[in-house]
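Number of protein chains: 2
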Amino acid sequence: MGSVIELLKSHRSIRKFTTQEIAADLFQDLIDAAQAAATSSFLQGSTIIRVKNPETRQQIAALAGNQSYVETAAEFVVFCADLKRAGNYCDEYGKAFEGDYTEHFLIATVDVALMAQNLVIAAESAGLGICYIGGIRNDPAQMVNLLQLPKGVYPVFGLCLGYPDQDPEVKPRLPTSVVVKQEIYNEEGDKAAIAVYDEQVREYYRTRTGGGHGISWSEQVANFLSGKVRPHMKEFLAAQGFKFK
Amino acid sequence: MGSVIELLKSHRSIRKFTTQEIAADLFQDLIDAAQAAATSSFLQGSTIIRVKNPETRQQIAALAGNQSYVETAAEFVVFCADLKRAGNYCDEYGKAFEGDYTEHFLIATVDVALMAQNLVIAAESAGLGICYIGGIRNDPAQMVNLLQLPKGVYPVFGLCLGYPDQDPEVKPRLPTSVVVKQEIYNEEGDKAAIAVYDEQVREYYRTRTGGGHGISWSEQVANFLSGKVRPHMKEFLAAQGFKFK
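Chains as they are written, first to last, in our numbering: chain A, 1 to 245; chain B, 1 to 245.
A couple of the hints might just be wrong.
No distinction is drawn between identical chains; accordingly, a pair holds when it is met within one copy or between any pair of copies.
[Unchecked claim] Straight-line C-alpha distance at most 30 Å; calculated BS3-like pairs for lysine-lysine:
{"no.": "1", "residue 1": "K171", "residue 2": "K228"}
{"no.": "2", "residue 1": "K191", "residue 2": "K245"}
{"no.": "3", "residue 1": "K16", "residue 2": "K52"}
{"no.": "4", "residue 1": "K191", "residue 2": "K95"}
{"no.": "5", "residue 1": "K95", "residue 2": "K228"}
{"no.": "6", "residue 1": "K151", "residue 2": "K191"}
{"no.": "7", "residue 1": "K95", "residue 2": "K171"}
{"no.": "8", "residue 1": "K95", "residue 2": "K151"}
{"no.": "9", "residue 1": "K52", "residue 2": "K95"}
{"no.": "10", "residue 1": "K16", "residue 2": "K151"}
{"no.": "11", "residue 1": "K16", "residue 2": "K243"}
{"no.": "12", "residue 1": "K16", "residue 2": "K245"}
FYI, nobody ran anything at the bench for these hints, they're computed from the structure.
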């Protein structure tokens, strides 16, 4: 089972898939593996919507920023944080629903991510490739319409699954010294280590795109954090019942 | 590699560990596997604090609700969402930091969860057991003090790791029909399926505790969602720079 660690280390997103379908019993296995992930307070606050309808796929691909593999992947699923399923039982037991605190949002979102990552690893172990689609949050209200999501449920991300028709390189990650700290948070040495890493990332892009942008990690993330990223999310989430009390 | 799916399905939390240490090269492997997880917008918004100091462990065990295995596990790490590391580079490139939107909180939190789950699976594949410790959010301000976390960083959860000294049962999960929906969100049949599942959960508790509380899933989650769970989180997160704009 040492190879599980090698499998994990070999992850890269796949954005081009063959037309091969995923067998029904394998898909069920992926779901079972997903559901076995840890869940905070036993909430099981995740719902998966499996989208087969080509028109829905097309609309999602478009709103996610023209990500065509949403249409072409063998499977496309949307992971939703779901407080409604459990919340229904507050009524049942004569209790007032109070599940609109920041903590509830956090717990349900983490539940979803743990479950999704289990599904991803199960899929990759079976030779499938995956790509997370955060782009569904570009227009989450439209996702709510398309998938008929009630209050208490929000779409966290999509996931494309299929047999890979490409073999991209693994993208280099930050040095361990930068990411893992001993006892306390401490930035000593990080700047120098990140400078070396920035060069690695530039090289990765130069090689991959054949003389492309060659942008460093630090510049990418500075660009990202200096932009107003999906500023509609707060209002959207409040409308779905996630009120950040 | 079919056994990866069996490994995933066999997950259960471990709360009693032997005194055996985790070898340094295995620990590094776990970290490498963790870092290989997908990261939104290449942000890599996670930092792991590895806590060895017994006094710190003791304080964390206490604030997490007297979870003694935080003290006794071979390793205890805290997963933090980290927008500071990347945010530092806004200054560097002369850009204004705007990373305090709800979306940034979401992205960093999901990054942490995906990375943690990779670490968990790597660990379990090597015969280790784990237990997530959401209880560190009982007193996140004290966690900030203990780990000297700066603004832009918050502790999402802890993780105990070690060689298992117990062999608990796998806890039953909701039926697939309840968790996986076709095309749209649809609750048809859920109530009946959950009633059957509730009985399974009652039985699980009765067996495990030798005639214990025997509480159903629906009653547990109704209790959970009718309580004000960690109502300090919003204010705490705002103080750490996560402003939910």
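For this session: Tell me, please, which holds for K95 and K151 at an alpha-carbon limit of 30 Å: within, between, both or neither?
Result: within (18 Å within a copy, 37 Å between copies)
Problem set entry | Alpha-carbon proximity between K171 and K228, which holds within one copy, between copies, both or neither at 30 Å | within (26 Å within a copy, 42 Å between copies)
Exercise. Is it within, between, both or neither when you check K191 against K95 at 30 Å Cα-Cα?
Worked result: between (52 Å within a copy, 18 Å between copies)
Problem set entry | Intra- versus inter-copy proximity for K191 and K151 (alpha-carbon distance at most 30 Å) | between (44 Å within a copy, 18 Å between copies)
For this session: At 30 Å max between alpha carbons, let me know whether K191 reaches K245 within a copy, between copies, both or neither.
Result: Result: close only across copies, 29 Å inter versus 37 Å intra.
For this session: Give the relationship of K16 and K243 under a CA distance limit of 30 Å: within one copy only, between copies only, both, or neither.
Result: This pair counts as neither: shortest intra-copy Cα distance 38 Å, inter-copy 37 Å.
For this session: Classify it for me, K95 with K171: is the Cα-Cα distance of at most 30 Å met within a copy, between copies, both or neither?
Result: Between copies only: 26 Å across, 49 Å inside.
For this session: Give the relationship of K16 and K52 under a CA distance limit of 30 Å: within one copy only, between copies only, both, or neither.
Result: within (18 Å within a copy, 44 Å between copies)
Problem set entry | Status of K245 relative to K16 across identical chains (alpha carbons, at most 30 Å) | neither (41 Å within a copy, 35 Å between copies)
For this session: Could you place K16 and K151 in one of the four classes (within, between, both, neither) given a Cα distance threshold of 30 Å?
Result: neither (34 Å within a copy, 39 Å between copies)
Exercise. Given a CA cutoff of 30 Å, do K52 and K95 count as a within-copy pair, a between-copy pair, both, or neither?
Worked result: For K52 and K95, neither the intra-copy (38 Å) nor the inter-copy (42 Å) Cα distance is at most 30 Å.
Exercise. Between copies, within a copy, both or neither: which fits K95 and K228 at Cα up to 30 Å?
Worked result: between (39 Å within a copy, 12 Å between copies)
In this structure, the earlier hints numbered 9, 10, 11 and 12 are contradicted, and the remaining ones agree with it.
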